[in-house]
Amino acid sequence: MPTNLLSGLNPRQREAVETINGPVLIVAGPGSGKTRVITHRIAYLVETCGVSPYRILAMTFTNKAAREMKERAAALTRTRDDQLTISTFHAFCATVLRRDGERLGLDKNFAIYDQSDQTSLMKRAMIEVGLDVKQFKPANILSEISSAKSQLVGVEGYGLNKTSYFEEIVHRAYEKYEELLAAASAVDFDDLLFKTYTLFKQHPDVMERYRERYVHVMVDEFQDTNVVQYEIAKQLTGEYRNLCVVGDPDQSIYSWRNADIRNILSFQKDFSDAKVIALEQNYRSTETILEAAQGVIASNKHRVEKDLFTTNGKGVPIVVQEGYNEQEEAQFVVREIERLVRKGYSRADIAVMYRVNAQSRALEEACMRYGLPYQLVGSTRFYQRQEIKDLVCYLRLIVNHSDDVSFGRIVNVPTRGIGQRTVDELTRHARDHGVSLFDAIDGTAETADTPRIPAVPLPARSIKALQDFKALIEGLSEQNNELNLVEFIDEILKRTGYKDYIESEPERGEERWDNIAEFRNSARDYLDLGPDDALTAFLESVSLVSDTDNLGEKADAVTLITLHQAKGLEYPVVFMVGMEERMLPHSRSIESHDPADIEEERRLCYVGVTRAKEMLYLLRAFRRGFRGNSEPSMPSRFLADIPQELITKPGIGAPAKKPATRLNDWASPFKQTQRTGTLAERVVKSADATVIRRKRSEVRPAAASAGPTLKTGDKVRHKAFGEGMVTATKPSSGDTEVTVAFKDGLGIKRLLLSFAKLEKVE
Numbered sequence: 001m002p003t004n005l006l007s008g009l010n011p012r013q014r015e016a017v018e019t020i021n022g023p024v025l026i027v028a029g030p031g032s033g034k035t036r037v038i039t040h041r042i043a044y045l046v047e048t049c050g051v052s053p054y055r056i057l058a059m060t061f062t063n064k065a066a067r068e069m070k071e072r073a074a075a076l077t078r079t080r081d082d083q084l085t086i087s088t089f090h091a092f093c094a095t096v097l098r099r100d101g102e103r104l105g106l107d108k109n110f111a112i113y114d115q116s117d118q119t120s121l122m123k124r125a126m127i128e129v130g131l132d133v134k135q136f137k138p139a140n141i142l143s144e145i146s147s148a149k150s151q152l153v154g155v156e157g158y159g160l161n162k163t164s165y166f167e168e169i170v171h172r173a174y175e176k177y178e179e180l181l182a183a184a185s186a187v188d189f190d191d192l193l194f195k196t197y198t199l200f201k202q203h204p205d206v207m208e209r210y211r212e213r214y215v216h217v218m219v220d221e222f223q224d225t226n227v228v229q230y231e232i233a234k235q236l237t238g239e240y241r242n243l244c245v246v247g248d249p250d251q252s253i254y255s256w257r258n259a260d261i262r263n264i265l266s267f268q269k270d271f272s273d274a275k276v277i278a279l280e281q282n283y284r285s286t287e288t289i290l291e292a293a294q295g296v297i298a299s300n301k302h303r304v305e306k307d308l309f310t311t312n313g314k315g316v317p318i319v320v321q322e323g324y325n326e327q328e329e330a331q332f333v334v335r336e337i338e339r340l341v342r343k344g345y346s347r348a349d350i351a352v353m354y355r356v357n358a359q360s361r362a363l364e365e366a367c368m369r370y371g372l373p374y375q376l377v378g379s380t381r382f383y384q385r386q387e388i389k390d391l392v393c394y395l396r397l398i399v400n401h402s403d404d405v406s407f408g409r410i411v412n413v414p415t416r417g418i419g420q421r422t423v424d425e426l427t428r429h430a431r432d433h434g435v436s437l438f439d440a441i442d443g444t445a446e447t448a449d450t451p452r453i454p455a456v457p458l459p460a461r462s463i464k465a466l467q468d469f470k471a472l473i474e475g476l477s478e479q480n481n482e483l484n485l486v487e488f489i490d491e492i493l494k495r496t497g498y499k500d501y502i503e504s505e506p507e508r509g510e511e512r513w514d515n516i517a518e519f520r521n522s523a524r525d526y527l528d529l530g531p532d533d534a535l536t537a538f539l540e541s542v543s544l545v546s547d548t549d550n551l552g553e554k555a556d557a558v559t560l561i562t563l564h565q566a567k568g569l570e571y572p573v574v575f576m577v578g579m580e581e582r583m584l585p586h587s588r589s590i591e592s593h594d595p596a597d598i599e600e601e602r603r604l605c606y607v608g609v610t611r612a613k614e615m616l617y618l619l620r621a622f623r624r625g626f627r628g629n630s631e632p633s634m635p636s637r638f639l640a641d642i643p644q645e646l647i648t649k650p651g652i653g654a655p656a657k658k659p660a661t662r663l664n665d666w667a668s669p670f671k672q673t674q675r676t677g678t679l680a681e682r683v684v685k686s687a688d689a690t691v692i693r694r695k696r697s698e699v700r701p702a703a704a705s706a707g708p709t710l711k712t713g714d715k716v717r718h719k720a721f722g723e724g725m726v727t728a729t730k731p732s733s734g735d736t737e738v739t740v741a742f743k744d745g746l747g748i749k750r751l752l753l754s755f756a757k758l759e760k761v762e
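Under our numbering, think of the first position of the sequence shown as 1, with each following residue one higher.
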């Protein structure tokens, strides 16, 4: 073993690397070097303990993370990376199902349907069971089905436990959706996990084979696992019980993807003898950023306590800034980035993060206006672009003739005279006779000695077009084993007429052909495999690619990214925009009245803050026109959790301001300052908002004597804030909320009339 393998680790990291027997829970704070620990642990097992790389399995959540781990571990162990099983959960399960899925009746060439494929199939399923796709959104039904599968609830189990009309609708769609998936020899992303769990449960001999192979199992980002992923990890562990999980409850932000934070919080209950090791030294951020993050997350109840620290020095204060609206907010971001670039930062050092994708619009417009290069994460993914998706569907249909979704997409691309009416009639015929759309074409033959199915009533021109298409696909299928993957793609482009189709487009033809050229280039990585294996492996990799897999491989540009997508990334400079109530935390979390939802929003804010290495900017808009809103916005409650001494106004290296005697200029309306009996009064005095709130159940209708009757435009006087003008009034739980613009730079305040004691100025 290299002598420096352990010498570069801190004591906790070294303990995590050397603890190899039995269950281990590594609680890894942000920037604590968990990837280093995992890869060094693999190297320690191989180099010191003599464990074969073949018998080690490590699973994480993104291809980018898996690729990085595999490269590092291969270098440390001096082995080829193909000897190491380090992959995402979904990729691992896809491999298992390719090898052993036939035990469940799954064709080894099954297609993996992405979100758009699933939506297309769900629409068809809903139509076939008589559901209105306008009344019931396919996306909502798919979300419910995904949640069920992630909790190991199949169609039958869902039907037994349905308790509402919506669940009855979902059950009907679920049944047909699964029927259509099976007919198409296809699976969705949740099936990769669910079917692997089912395979292991129903066929213990298969599970035992994988248990014997993988003596040591490691799971990264364990806080993001759902029920089925955790169950698979336990299935694989078996009698060896060498399960090492690494994660941080404070960074669990994917409940909407069915991640279950209880997995990491319950690990010690499931494995009572588990060794718990906390990685608390942060190598990423400054003391200021780390202290701010600790302030944000401290209010959460469902967490594992850890005392993070860093030796990176104090660093510069956190910049907090307000813009009048999202355009002014974006303008400040762009101008500040330009200043930072002049100071020596590269654009690639900088990320702008936000809660929802829609917030990128103002930022993109500002970047374009000022000529600032940027890359937008989460825009139309490469493999979702029209021309790439078309080619992928050709490849999928060639290896799996039952793939009705792919058939429907490319049967008339390029145009072959096969209109929607023809496809609808073929679909009806296929459904009536229980065959795929591809096989239903056999029924279009006008004469046949022993026809498989009755003739489809279509015009002769349509029949010929369908039969020509079928012959084209069958001919390409025969050529699959004769050409390497790149040559085969070229043959598809030529024989289908797709190359001419792309080049004939006057406006975007060149751009789309460049995308196809890149697609061909990506296929070169599979030329060392046999033709059939290469195509299967290539299609699988295309299906499992994610938005952030190639992040950082582009030219010098600022990154625009959502907070969810930023998980696992880091940047010297981070701008977090939209630090307002109803943006962060999101309105859905506020309106749900579920404390768990607010806790997840707090974790999301924590994740954003801890992406920053050197500088952090927190920005908000006084008025944000999001979803047509025109009311003044409230500052995010999370801003009030950041200690005052850590905050400054814009400017690199400016000293932190001495805390004011009054509340933080950026304090949140939810920072509690005093309680009188059972009455909780929450006071906010910020640069732009003051609200006094009481518990809704304790608010009584305001008496006429509680204050004067006010309307927009009235001048008023407040004992503390002086004179101002009413800009808005609205009812609020039996009281009246008054928005007042005060003089002398005191800004906008929102006050409850029964408390504010405003004096009307004539």
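Bear in mind the hints are in silico, worked out from the structure with no lab data behind them. Any given hint could turn out to be false.
Computed list of lysine-lysine pairs in DSS-like fashion (alpha-carbon distance at most 27 Å, straight line) [said to hold, decoys possible]:
1) 389 <-> 123
2) 470 <-> 389
3) 760 <-> 719
4) 389 <-> 494
5) 162 <-> 123
6) 306 <-> 137
7) 711 <-> 743
8) 123 <-> 134
9) 201 <-> 234
10) 613 <-> 343
11) 743 <-> 760
12) 470 <-> 494
13) 275 <-> 301
14) 757 <-> 730
15) 70 <-> 613
16) 275 <-> 314
17) 306 <-> 343
18) 108 <-> 134
19) 306 <-> 613
Since this is a predicted model, take the numbers as computed values, not measurements.
Consistency of the hints with the structure:
no.	hint	in the structure
1	389 <-> 123	19 Å, holds
2	470 <-> 389	20 Å, holds
3	760 <-> 719	12 Å, holds
4	389 <-> 494	17 Å, holds
5	162 <-> 123	21 Å, holds
6	306 <-> 137	43 Å, violated
7	711 <-> 743	18 Å, holds
8	123 <-> 134	10 Å, holds
9	201 <-> 234	12 Å, holds
10	613 <-> 343	17 Å, holds
11	743 <-> 760	15 Å, holds
12	470 <-> 494	16 Å, holds
13	275 <-> 301	23 Å, holds
14	757 <-> 730	17 Å, holds
15	70 <-> 613	25 Å, holds
16	275 <-> 314	33 Å, violated
17	306 <-> 343	36 Å, violated
18	108 <-> 134	36 Å, violated
19	306 <-> 613	20 Å, holds
Checked against the numbered hints given earlier, the structure breaks hints 6, 16, 17 and 18 and satisfies all the rest.
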